[in-house]
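Colleague: Protein chains in written order, with the working numbering: chain A, 1 to 460; chain B, 461 to 593.
Mixed in with the good hints, there may be bad ones.
Restraint ranges, calculated between C-beta atoms of paired labels, are given here [what the hints assert, rightly or not]:
1) A:105 to B:569: 16 to 24 angstroms
2) B:584 to A:241: 25 to 33 angstroms
3) A:355 to B:561: 54 to 62 angstroms
What the hints contain is simulated information worked out from the structure, not anything from laboratory work. Because the structure is a prediction, the values reported are computed rather than measured. C-beta atoms are modelled at their ideal positions from N, C-alpha and C, and glycine is treated no differently.
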Amino acid sequence: MPISIDNLINVNFIKGDIDLLRFGLNLGGSGQHKPYIFKPEDLFFLGEQGAYYSPGDLSTLFQDAAGTTPVTVDGDPVGLAVDKSGNAVNAAQSISASRPVYNVDPSRLSLDKVDDALVITVPTGGWIGTMVLATNQGTASYGVSIPAGDYNLGGIYFPGNAIVGVVFRDGALSAGEKADAESYFVGNGAVASYGTVVTFASFWRLRSEITEFPLIDTSSGTDFALAWRFCSSLTSFPLIDTSSGTNFNRAWYSCSSLTSFPLIDTSSGTNFYRAWYNCSSLTSFPLIDTSSGTDFALAWRFCSSLTSFPLIDTSNGTNFSYAWANCTSLTSFPLIDTSSGTNFNRAWANCTSLTSFPLIDTSSGTDFSYTWYNCTSLTSFPANAFNNVKGGDFGSAFTNTALDQTSIDGILVSLVTSGIAAGTRVFDQTGGSAPSVATGQPAIDTLRSRGWTVSVEGGY
Amino acid sequence: MTTEYKQRATIASPVTHIADANQLALALGESAADDQTFGAANYQDAQGNLYSVSSTVAKPIFVQLAGQPLQAPDHAPEMDLEAATRAQALVQINGGIATPDVIAVILVDRLESAQDHIEAMGLSVPQDDLYTP
Numbered sequence: 001m002p003i004s005i006d007n008l009i010n011v012n013f014i015k016g017d018i019d020l021l022r023f024g025l026n027l028g029g030s031g032q033h034k035p036y037i038f039k040p041e042d043l044f045f046l047g048e049q050g051a052y053y054s055p056g057d058l059s060t061l062f063q064d065a066a067g068t069t070p071v072t073v074d075g076d077p078v079g080l081a082v083d084k085s086g087n088a089v090n091a092a093q094s095i096s097a098s099r100p101v102y103n104v105d106p107s108r109l110s111l112d113k114v115d116d117a118l119v120i121t122v123p124t125g126g127w128i129g130t131m132v133l134a135t136n137q138g139t140a141s142y143g144v145s146i147p148a149g150d151y152n153l154g155g156i157y158f159p160g161n162a163i164v165g166v167v168f169r170d171g172a173l174s175a176g177e178k179a180d181a182e183s184y185f186v187g188n189g190a191v192a193s194y195g196t197v198v199t200f201a202s203f204w205r206l207r208s209e210i211t212e213f214p215l216i217d218t219s220s221g222t223d224f225a226l227a228w229r230f231c232s233s234l235t236s237f238p239l240i241d242t243s244s245g246t247n248f249n250r251a252w253y254s255c256s257s258l259t260s261f262p263l264i265d266t267s268s269g270t271n272f273y274r275a276w277y278n279c280s281s282l283t284s285f286p287l288i289d290t291s292s293g294t295d296f297a298l299a300w301r302f303c304s305s306l307t308s309f310p311l312i313d314t315s316n317g318t319n320f321s322y323a324w325a326n327c328t329s330l331t332s333f334p335l336i337d338t339s340s341g342t343n344f345n346r347a348w349a350n351c352t353s354l355t356s357f358p359l360i361d362t363s364s365g366t367d368f369s370y371t372w373y374n375c376t377s378l379t380s381f382p383a384n385a386f387n388n389v390k391g392g393d394f395g396s397a398f399t400n401t402a403l404d405q406t407s408i409d410g411i412l413v414s415l416v417t418s419g420i421a422a423g424t425r426v427f428d429q430t431g432g433s434a435p436s437v438a439t440g441q442p443a444i445d446t447l448r449s450r451g452w453t454v455s456v457e458g459g460y
Numbered sequence: 461m462t463t464e465y466k467q468r469a470t471i472a473s474p475v476t477h478i479a480d481a482n483q484l485a486l487a488l489g490e491s492a493a494d495d496q497t498f499g500a501a502n503y504q505d506a507q508g509n510l511y512s513v514s515s516t517v518a519k520p521i522f523v524q525l526a527g528q529p530l531q532a533p534d535h536a537p538e539m540d541l542e543a544a545t546r547a548q549a550l551v552q553i554n555g556g557i558a559t560p561d562v563i564a565v566i567l568v569d570r571l572e573s574a575q576d577h578i579e580a581m582g583l584s585v586p587q588d589d590l591y592t593p
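In isolation and in its complexed conformation, chain B is listed as follows (with noise of 0.2 angstroms):
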């Protein structure tokens, strides 16, 4: 027997766009607390924008999910579907590095590592601020 979550994904919320990309977790993830899935934008691109990032292994129907109309859960049936659907129009799914007009996805083998992922969409965690804890 193996799990069903074979893939691994990786998403980047501008920070613009979390409200929203937190409606479209809750559309394809499996709980009512899913519209926490994006919280402060503690990463940043090469040109300094910010972005609030995910990782977690996904079930393979993850990538149907994403490309089809979206439909409120059962676990959350008063959610946003404007504001998913908004998300959703901005998904890219392994387009390369992270821009602040799309929310970008890495989605491979659930074995590969999130930091890899991260890098890889030229992403880090900025270190100089004198407050970020």
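Next up, chain A with everything else stripped away, as it sits in the complex (with noise of 0.2 angstroms):
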């Protein structure tokens, strides 16, 4: 049977691309073909739910939220952005020194990331598609689920200081609808490349709306501190370009529903202070470039769901506090470098599911203070551990767990080889076995003899 143009249009409809637009487009033209030119609200054809502004239109920007003064010059407070997607969802802000401001060359929304925000009211049912947010430091399309009710567009964390054009619909757009809503709103003066930023700092945080985050280019950016805090959407994350980044303090907090992360380049990153803290649903984790990294405390606290890690080089490590406390899943632990370490309060606090230890470099550490506290499976630990330690505070660092005989022995022994007999001298075991009358015992009577304050299973 021969398809009918009527069928053909059936077809396309079904598709949802604005490939049919152009086809019909074409086909009405009146003997001579003229080129199709998108337009953001060609995304809504079809009745799509969503929402479109657009600074450049100055007919719908008002300065006051009931929309009776109209924006006229630059340097105006935009108190209304009446939506162009035909679906009536304005964005409007009724506190007077919330507003943004609009600027010309190109026309904007400047945003003082203090207070100013768009509020726009999300219909019932949310929007679960594409989010197109042009500024003037940059322009990408993001994965969004937003739900009903209102939601802020701007505010104190914001991926540029000013928005171009931002386009929001139900349904996921295409990547050839993507990529013209991109160059429309490039065309009018929006930044295209996030590649000249060099600070990331807080751009994405709180952005829980976000459930796919593009591979935009991130090649100058020195400073990712915060920059995906709380996107707790996130289940994947790109393979970006984080060559240049050296702070990754707290840069992927609280990322909760990421299962998966990529090997980035983080050669050149010092501090990742809390970088992956509260990402509860990795199950694994690349074998990522440390070897600058000096700050590691809570970089992987409650990751709860890691059962491994990797053999990373955290050779010019010096603080692990809390680096791995409550990875309630890690069954073993690599033999990493921690030869510059000195701060291992609370590092493997709360691994539950760890058995065994590796023999790591314990060298330089001052502070083991709760170290393996409450690591309930944790029955075999090596000995010799703390022959070279600088400091005695050992509070608290094995209560609570299942060593054996040999390893509390061991742990013991290996601290009257330290030979500390000076500064804070503390050591707390509770729970597996006590130690043996041949062995440990004579060592906690030397640590004594040596001013050390000594508690252990069994109360000897």
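Using the hints, build the complex out of the two chains.
Modeller: So, in structure tokens, the structure goes:
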């Protein structure tokens, strides 16, 4: 049966692509084929839900939320941006001081990144689809899931200082549609790439609506502090260029839905403080280059789904406080280089699935308080682990563990070998086996003679 | 034609004066919702004192209004004038760093950055708490 033009149109409608619109517009020409010129309104051609705001169209901007006083010149505040999608989902701000400012060249809504934001009341059902956000610092398309209710466009954290255009579309845009929309906004003055941005600090912070993050150019970025903090809907993360990054402080903090993480270039990174804190769905972690890292405090705390950990280079790390605390699914731990580490406070506390521990270099360590606290499955611990430690704070270091007698004996003998007889001299162990009469108890006697306060299972 | 909003005002209200500062914002502002101008105290000074900060473009008349006897505006006839007047007495324009006993205001050309104002006031967003998003 021959395919009629109606059938062809129906097929294309089901595809939901603006190719049909292009096709139809070309068919509708009067003998002359005019090139199709994309407009963001076309993304709503079939009645799709969403919203589109265009500061370039002055007729859509008003100074007050009620829409009585039009924006007319550069510098006017914007209390209302009318939706151009046809869905009448306007963006408004009723608090005078929180209105963005209209600026020209390019036309944009400037944000003070203190309190400026337009409030969008997302209709019942919410929007699950794509946000194309074009700013004065970069343009990108994100997968989003925005629930019904008030949504703030702007605020203290934002990936740019001004909005050149933004589209929210319920139903994901195709790659071509994203490219068209981005190109359109760039043509209106938005900056295409984030490639010149150096500081990404807090750019996407608290953007829990983002479900898919694009592969943007971050090659100039040095500061990624808090960049994706609380992006709690991200399940994966692209292989962005972080080769210039030095500061990853809290970068992916509480990205609690991430199940995997790419092998990004972190070779210049020095600060990994809380970088992946509470990424509680990560089941594995790549062998990233952390050779320049000095601060690993709380870096992987509460990564409670990690079952193993790679042999990363931590040779310059000094602070490991809480680094792997509450990684409750870790069953083993690699022989990482901790030779520069001074602070091991609670580093592996509450790693309740660890059964053994490697002979790491503790020679620079001064603080081991609570280090293996509540490692309730830890039965085997290597001998000679503390022969060269510099400090004697082992308060609650082995409280509520399951050490066998050989292990607790070895730990005590190793502390004797360290020769520490000054400063803080505290050692605690509960759970597991008591020290042996032949080896452990004499070691305790020696430690006490050197001023140590020793508390062990069995009460000796 | 140029905008009437020729200045930028960045205002830091100490946490203990937020309610009064919101009444002052209501009196000087343009909307009945201006009693929500100062929200959570998200900034702190070097001593750890907390502040709510707002920044906005302003008309030149703002500085005159801020210094004269207050009246309830048409958009908020039932506002608390006593509270607004208490806040008005604490306003210190371009007086330097924020302190807990004043409502510090930096009022300058509209093209200046609110972020620079906050830094000039000696304020920053605390980052080291575990639970702040």
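Colleague: If a hint holds in the structure, say so; if it does not, say that too.
Modeller: Evaluated hints:
no.: 1; hint: A:105 to B:569: 16 to 24 angstroms; in the structure: holds, 18 angstroms
no.: 2; hint: B:584 to A:241: 25 to 33 angstroms; in the structure: holds, 29 angstroms
no.: 3; hint: A:355 to B:561: 54 to 62 angstroms; in the structure: holds, 58 angstroms
Every hint, counting from the list given before, is met by this structure.
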